[in-house]
Amino acid sequence: MITLIPKKCIACKLCVKACLFGGVRLEHKTPVLTELCTGCGACIDVCRAGAIVSSGKSTGQIHNLALYKGIWVIAEQRRARLHPVTAELLGKARELADVRKTNVSAVVLGADIKHLSNVLIQHGADRVFIADAPFLEPYRTIPAERVIAGLIDKHKPEIILLGATTMGRDLAPRLANRFRTGLTADCTGLTIAADDGLLHQTRPAFGGNIMATITTPRHRPQMATVRPGVMQPQFFPDRNGETISVKVKQQASDNAVQILKTVKKRKSSISLEKAEVIVSGGRGLGESKNFRLLEKLARVFSGQVGASRAVVDMGWIAHEHQVGQTGKTVRPRIYIACGISGAVQHLAGMQESDIIIAINKDPQAPIMQIAHFGLVGDFKRIIPELIEQLKPAS
Amino acid sequence: MKGLRIIVTVKQVPDTADVKIDPKTNSLMREGIPSILNPEDKNAVEAALCLKQQHGGTIIAITMGPPQAEEVLGEVLAMGADQGVLLTDRAFAGSDTLITAFTLSRAIMKLGKYDLILCGRQAIDGDTAQVGPQLAGFLELPQVTYAEHISIEKGNAVVRRGLEDSTEWVRVKLPTLVTVTAAVNAPRYPMLYNVEAACDGSRIIIWGAQELKVPETMLGLNASPTGVKKIFEPERKKKGQIITGDPKDMTGILIDKLQELNML
Chain X
1 MITLIPKKCI
11 ACKLCVKACL
21 FGGVRLEHKT
31 PVLTELCTGC
41 GACIDVCRAG
51 AIVSSGKSTG
61 QIHNLALYKG
71 IWVIAEQRRA
81 RLHPVTAELL
91 GKARELADVR
101 KTNVSAVVLG
111 ADIKHLSNVL
121 IQHGADRVFI
131 ADAPFLEPYR
141 TIPAERVIAG
151 LIDKHKPEII
161 LLGATTMGRD
171 LAPRLANRFR
181 TGLTADCTGL
191 TIAADDGLLH
201 QTRPAFGGNI
211 MATITTPRHR
221 PQMATVRPGV
231 MQPQFFPDRN
241 GETISVKVKQ
251 QASDNAVQIL
261 KTVKKRKSSI
271 SLEKAEVIVS
281 GGRGLGESKN
291 FRLLEKLARV
301 FSGQVGASRA
311 VVDMGWIAHE
321 HQVGQTGKTV
331 RPRIYIACGI
341 SGAVQHLAGM
351 QESDIIIAIN
361 KDPQAPIMQI
371 AHFGLVGDFK
381 RIIPELIEQL
391 KPAS
Chain A
1 MKGLRIIVTV
11 KQVPDTADVK
21 IDPKTNSLMR
31 EGIPSILNPE
41 DKNAVEAALC
51 LKQQHGGTII
61 AITMGPPQAE
71 EVLGEVLAMG
81 ADQGVLLTDR
91 AFAGSDTLIT
101 AFTLSRAIMK
111 LGKYDLILCG
121 RQAIDGDTAQ
131 VGPQLAGFLE
141 LPQVTYAEHI
151 SIEKGNAVVR
161 RGLEDSTEWV
171 RVKLPTLVTV
181 TAAVNAPRYP
191 MLYNVEAACD
201 GSRIIIWGAQ
211 ELKVPETMLG
221 LNASPTGVKK
231 IFEPERKKKG
241 QIITGDPKDM
251 TGILIDKLQE
261 LNML
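Protein sequences appear in the order of chains X and A. Just so you know, my numbering puts 150 at position 150 of the first sequence, and the rest follows in order with no gaps. Just so you know, my numbering puts 4 at position 4 of the second sequence, and the rest follows in order with no gaps.
Wrong hints could be hidden among the right ones.
Not close to chain A: a few residues of chain X, all C-beta gaps over 10 Å, as computed [said to hold, decoys possible]:
id, residue
1, I5
2, H28
3, Y68
4, G70
5, D98
6, F135
7, S245
8, A252
9, K289
10, K296
11, I317
12, R381
Once the Cα atoms are required to be at most 27 Å apart in a straight line, the calculated BS3-like pairs of lysine-lysine come out as [what the hints assert, rightly or not]:
id, chain 1, residue 1, chain 2, residue 2
13, A, K110, X, K13
14, A, K230, X, K17
15, A, K248, X, K380
16, X, K264, X, K114
17, A, K257, X, K391
18, X, K296, A, K230
19, X, K261, A, K173
20, A, K113, X, K17
21, A, K113, X, K13
22, X, K101, A, K230
23, X, K296, A, K257
24, X, K156, A, K229
25, X, K114, X, K247
26, A, K257, X, K274
27, X, K361, A, K257
28, X, K17, A, K110
29, X, K8, A, K229
30, A, K248, X, K289
31, X, K101, A, K229
32, A, K213, X, K13
33, X, K69, A, K229
34, X, K29, X, K156
35, X, K247, X, K265
36, X, K261, A, K230
37, A, K173, X, K13
38, A, K173, A, K2
39, A, K173, X, K249
40, A, K154, X, K380
FYI, nobody ran anything at the bench for these hints, they're computed from the structure. We put the CB at the ideal spot given by N, CA and C, even for glycine.
Looking at chain X on its own, in the form it has when it is part of the complex (with noise of 0.2 Å):
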């Protein structure tokens, strides 16, 4: 047990810099101990006043886990339209809820956003944060994390979830900091154990070769980012919630970064996330001119081609259009794979598609093994084959 002596206290404020968990803090110039603290005495070390004393050991209980309820979902939005994953967290964070039968809240910050409650209502929120203030727009890290962190310390959610695009995975682990909590990037997996209650969180590690599985068993919120693409939205039109406005108010140190300007990338005609049917090409293709027979195959589909990761970095195609763990998740209705062999890395990108078909000189490819239909033979001789037999039928 921690034992503070406010009147020999210099309200130096270096217990608190020393806290790890967030366990001490300052209040009007006196030191005063949070339920976060585990007693561990780092902070006796530290004070030069003797104003903090140890009696006892530590007592290893690190937070009161009760206190936390509740699913919450940090909504991302650009310039008043939602991003896609915020619905995909909000679909998998209603049926965590329902699991866990408990509610669930989004958050949403920027400027001229009011129309956004009604929308993350829609897609499962039962309650809705909403700070509109126009110093939140566009996204900075040090007024979202700290708007973001007050809701937090009041309303204590048990799950936070993040989108794993740049801006979530430059605000969870900040805010994953400041409640001393466990945090668990680019989740592709969630769900609530039926033992512990506990939210178990998997993802790909080592370049997709491992899966983990993660969980945060004794501090709270329990955090996690979820790779985009990869859980699925719901959508309930004649849903009802409650929207919250949060007051805020800017500070000085809400501008140490300054965003001097913004330009918008040139917008890809590649869309491969919402592709229906997707031709991707691998180094079996032999050469990059290859890529045209793809091509003529995709657009007998209306779809879209993919490619491989080595052959985006050999430079035969733009890197839009990689799919993979290092490129994008995707899920069409169709996905013909040609000349390429299915390493790990690519098939975390691809496997969730309803039907895959390989084309590939090699029966024993990896890609063969999770196709549905694995055609063996030459590609240049099977696609030219497959455009002509699908063309009278459409």
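With chain X held as given, fit chain A onto it using these hints.
Chain A in isolation, oriented as in the chain X frame:
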């Protein structure tokens, strides 16, 4: 400004493509897998070297890991960094990203004043991209992630960030922490005369829990909020149908099947 004091965080990682699970023990088989300097950390070192060329100053590389992690400090010194710090102690083992960032933050506080901390965006063994922002959190610094270009002007860093659908230019007052992606530069090769200098040993400091003055209850596996419940190889769907024969026949069979499934 008279020279920049730049700290670069680096990590030794296994070359991931070959990592497998031992089916008997259900643990990672790391044996015989070469260790490398994490690629984006190499970009961070190169970015530091470029800034030092323009503005003068000192580059300190810091890593946490087992004793053999000293190898990556040798490589970084050979690229041109001035000083290496190795954090190694059994008490550090099993740290998750939060505790890794915490431990690094204590070492950096001990190193004294700095202008800039550079980190690779993420390491290829975990791909979490969490340690940089968490380190900034512990040091109470503003952060700029996903940097593709960095320049220093009048005590500010001006950074170009590569986001999904846009490019953003930001200005931040030093000191700050920046994480870089592979797009920031093409790292140089270690130089022979630097290798010789790197080998004299005096340029690498080794610190453990005692030097950092952190109690063991705040370190390593026990202090880490996250734990690995299990590891497994990615699920493979069961084998489908292999079709062989003449291209025309194969195509015919495939189209029949797709029609049966209502996919056309």
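Going down the list of hints, with the structure as the test:
Distance to chain A confirms I5(X) as a non-interface residue, since its nearest Cβ pair spans about 21 Å, more than 10 Å. No Cβ of chain A comes within 10 Å of the Cβ of H28(X); the nearest lies about 21 Å off, and the non-interface call holds. Taking the minimum C-beta to C-beta distance to chain A, about 13 Å, the non-interface status of Y68(X) holds against the 10 Å cut. Separation of G70(X) from chain A is adequate, the least Cβ-Cβ distance of about 19 Å exceeding the 10 Å criterion.
Listed as outside the interface, D98(X) is consistent with that label: its C-beta sits roughly 22 Å from the nearest C-beta of chain A, beyond the 10 Å cut-off. Look at F135(X): its CB is around 15 Å from the nearest CB on chain A, clear of 10 Å, so calling it non-interface holds up. Even its closest Cβ contact with chain A, about 28 Å, leaves S245(X) beyond 10 Å, as expected for a residue assigned away from the interface. The Cβ of A252(X) lies farther than 10 Å from every Cβ of chain A, with a closest approach of about 12 Å, so its non-interface assignment holds.
Look at K289(X): its CB is around 20 Å from the nearest CB on chain A, clear of 10 Å, so calling it non-interface holds up. At roughly 15 Å, the least C-beta separation between K296(X) and chain A is larger than 10 Å, which holds for a residue marked as non-interface. Non-interface call for I317(X) relative to chain A: holds, since the shortest CB-CB distance, roughly 18 Å, exceeds 10 Å. Not every Cβ of chain A is farther than 10 Å from the Cβ of R381(X); the closest lies at roughly 4 Å, contradicting the non-interface assignment.
For a cut-off of 27 Å, the pair hint linking K110(A) to K13(X) stands: about 18 Å separates their Cα positions. Between K230(A) and K17(X), the direct Cα distance comes to roughly 34 Å. Violation of the 27 Å bound is thereby established for this hinted pair. Proximity of K248(A) to K380(X) is assessed by CA-CA distance (about 12 Å); at most 27 Å being required, the pair is judged to hold. Taking the CA atoms of K264(X) and K114(X), the gap is near 24 Å; set against the 27 Å cutoff, the hint holds.
Using a Cα cut-off of 27 Å, the hinted pair K257(A) and K391(X) holds, with the two alpha carbons roughly 17 Å apart. Taking the CA atoms of K296(X) and K230(A), the gap is near 44 Å; set against the 27 Å cutoff, the hint is violated. A distance of roughly 17 Å separates the Cα atoms of K261(X) and K173(A); the hinted pair therefore holds under the 27 Å criterion. Between K113(A) and K17(X) the CA atoms are separated by roughly 17 Å; this keeps the pair inside 27 Å, and the hint holds.
A C-alpha spacing of about 19 Å is found between K113(A) and K13(X), which places the hinted pair at or below 27 Å, so the restraint holds. Restraint check: the Cα-Cα separation between K101(X) and K230(A) comes to about 26 Å, which is no more than 27 Å; the hinted pair holds. Distance hint between K296(X) and K257(A) is fulfilled; the C-alpha atoms sit about 22 Å from each other, no more than 27 Å. Between K156(X) and K229(A), the direct Cα distance comes to roughly 24 Å. Compliance with the 27 Å bound is thereby established for this hinted pair.
Straight-line distance between C-alpha atoms of K114(X) and K247(X) comes to about 13 Å, which keeps the hinted pair within the 27 Å bound. Our distance criterion of 27 Å between C-alpha atoms is met by K257(A) and K274(X), whose separation comes to about 24 Å. For the hint linking K361(X) to K257(A), the alpha-carbon distance of about 21 Å falls within 27 Å, and the restraint holds. A threshold of 27 Å between alpha carbons decides the hint, and for K17(X) with K110(A) the separation of about 14 Å falls inside it, so the pair holds.
For the hint pairing K8(X) with K229(A), the CA-to-CA distance comes to about 45 Å; that exceeds 27 Å, so the pair is violated. A C-alpha spacing of about 23 Å is found between K248(A) and K289(X), which places the hinted pair at or below 27 Å, so the restraint holds. Note on K101(X) and K229(A): the hinted pairing holds, with a Cα-Cα distance of about 23 Å set against a maximum of 27 Å. Between K213(A) and K13(X) the alpha-carbon distance is near 18 Å, which keeps this suggested pair within the 27 Å criterion.
At roughly 23 Å between alpha-carbon atoms, K69(X) and K229(A) fall within 27 Å of each other, so this suggested pair holds. With a C-alpha separation of about 25 Å, the suggested pairing of K29(X) with K156(X) holds against the 27 Å cut-off. The suggested pairing of K247(X) with K265(X) is violated, with an alpha-carbon distance near 33 Å, which exceeds 27 Å. With a CA separation close to 44 Å, the supplied pair K261(X) and K230(A) exceeds the 27 Å bound.
Under the criterion of a C-alpha separation no larger than 27 Å, the hint pairing K173(A) with K13(X) is consistent with the structure, at around 24 Å. For the suggested pair K173(A) and K2(A), the alpha carbons sit about 16 Å apart, so the restraint of at most 27 Å is met. Proposed proximity of K173(A) and K249(X) is supported: the alpha carbons are some 22 Å apart, at most 27 Å. As the CA atoms of K154(A) and K380(X) are separated by approximately 59 Å, the hinted pair breaks the 27 Å bound.
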